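**Q** These are the residues of each chain, in order.
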Amino acid sequence: MNVWQFMLQNRAEVMELTLEHLWLVGVSTALAVLVGIPLGILITRWPALNKPILGGANIIQTIPSLALFGFLLPAPWIGSRADRLAILALTLYALLPLIRNTYTGIKGVDPAVVEAGRGMGLTDRQLLFQVELPLARGVILAGVRVATVISVGLATIAAAIGAGGLGEYIFRGLAMVNNQVILAGAIPAAAMAMLADLSLGWLEKRLSPH
Amino acid sequence: MSTLPDPHPAIEFRNVSCRLDGGREILDDLNLAVHGGETLILLGRSGSGKTTTLKLINRLLAPSRGQIQVNGRAVDEWDVIRLRRMIGYVIQDVGLFPHFTVERNIGLVPKIENWPSDRIHERVQELMRLVGLDPQTASRYPRELSGGQRQRVGVARALAADPPILLMDEPFGALDPITRAELQREFLQLQKRLRKTIVFVTHDLREALLLGTRIALMEAGRLVTLHTPEEFLSSTEALVVAYKDAFGPDGVAWGKRL
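Sequence order for the protein chains is Y and H.
Just so we're aligned: 32 in numbering that gives the first Met the number 0 is position 33 of the first sequence, and the numbers increase by one with no gaps anywhere.
Just so we're aligned: 80 in numbering that gives the first Met the number 0 is position 81 of the second sequence, and the numbers increase by one with no gaps anywhere.
Warning: the hint list may mix true and false statements.
Going by beta-carbon spacing under 8 Å, a handful of chain Y positions derived as facing chain H [as the list claims (entries may be wrong)]: (1) I59; (2) P63; (3) E114; (4) A115.
These aren't lab readings, by the way, just hints derived from the structure by calculation.
The model shown is predicted, which means the values in this text are computed figures rather than measured ones.
No residue lacks a Cβ here, since even glycine has one placed at the ideal position from N, Cα and C.
Only chain Y is shown next, with the shape it has when bound in the complex:
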């Protein structure tokens, strides 16, 4: 039996795991965007926070993912359900590219443009929302893209703590020493990563400033 036949036979389960996977990636990326972009903006305003925040996000990124999942297990409320735990871990991993790209994007806006805006009497808020963020949009979106693709891959490991997703097949296949089962998890996950990359890349191009 090849992998395609296996997937066809188990299409209901493949579908369910894919949706679970999408859920984990979608929620965690959305949370990371909600936290990461404001943090990125914050450190352009208060440079003193730059090192602790970027440093913190960097450190999280260096923790091996399995260790992070285990590390969060005793946390109250979060630790009581595997999917919450997985979402928190994935969110933490996605923070670094978002914070860093938001920061670099805003800092990369032509200083003459910022000075002109300031000199014309734009308030800091107006400068941020009308000038800096629109001009940094492409770079920030590139960060969202990187974060999403990393999350799709990392979310397969969430199955190790019982959070579901396409990692289920990968771990099951590993245990059964069955390549077909591994591929039944890996192929949809890879396809999802490529699709996310392509569509966000397209959006990035569409929204890049003139």
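Given the structure of chain Y, go ahead and fit chain H onto it with the hints provided.
**A** Only chain H this time, still in chain Y's reference frame:
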């Protein structure tokens, strides 16, 4: 003329010094009054403190000592946003917003001042005519314009909310000589009509002689002389002579033709 005291200068520097964070003094005890409706030129080489002087007026920089007054009121007593909106600001790099069309660039300050949109549109049209821009360019983006057109948009944008004061930091510095001469001529005509109080930074003696009602010569953070163009041409002050020599008989002849 330059020695006459002005009881109500538009802009006044009183014993102003400015020090960078590192401690280097970039402006040293400046005393200067800019009269309403004049074009005061800040002339000097790079690092002489011209741009610093300019940025102290709209509070992009803060002095380490002394006081700057605009319309008789210390700049730090002004609400900084209000202060900046009554002062137009034009810089060499123009700093147009690349993601806005020409129309939105020019109309930005009126827009954030909540003008009704038809009035903004009218004002933009009026300004584009005033600075000699083809109305067709209204819907273009800055990257689609020539250097001269961009600088015209920069001037139009600075004039948008009709500020009484205009600060110009080498606005024509990056242009080719022909466009530059064209814009200088238009600047003179514009100023004849608008009578703004203008502080204009340049290192070009010809530009200074052509455009200025008075020329403040700066060197190493100090004001060296303050002359009308005629006085400047006949001055025997060492630094003034050095300037005239540097630009040669050509530059001086240019000034005398006025």
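**Q** Grab the minimum C-beta distance from E114 (chain Y) to chain H and call the hint holds if it beats 8 Å, violated otherwise.
**A** 6 Å, holds
**Q** Is the hint on I59 (chain Y) kept, meaning its closest Cβ partner in chain H is under 8 Å away?
**A** Violated - the Cβ of I59 (chain Y) stays beyond 8 Å from chain H, reaching only about 33 Å at its closest.
**Q** Answer holds if the nearest beta-carbon of chain H is closer than 8 Å to that of P63 (chain Y); otherwise answer violated.
**A** 41 Å, violated
**Q** Is the interface hint satisfied for A115 (chain Y)? The criterion is a beta-carbon contact with chain H at less than 8 Å.
**A** 3 Å, holds
Checked against the numbered hints above, the structure breaks hints 1, 2 and satisfies the rest.
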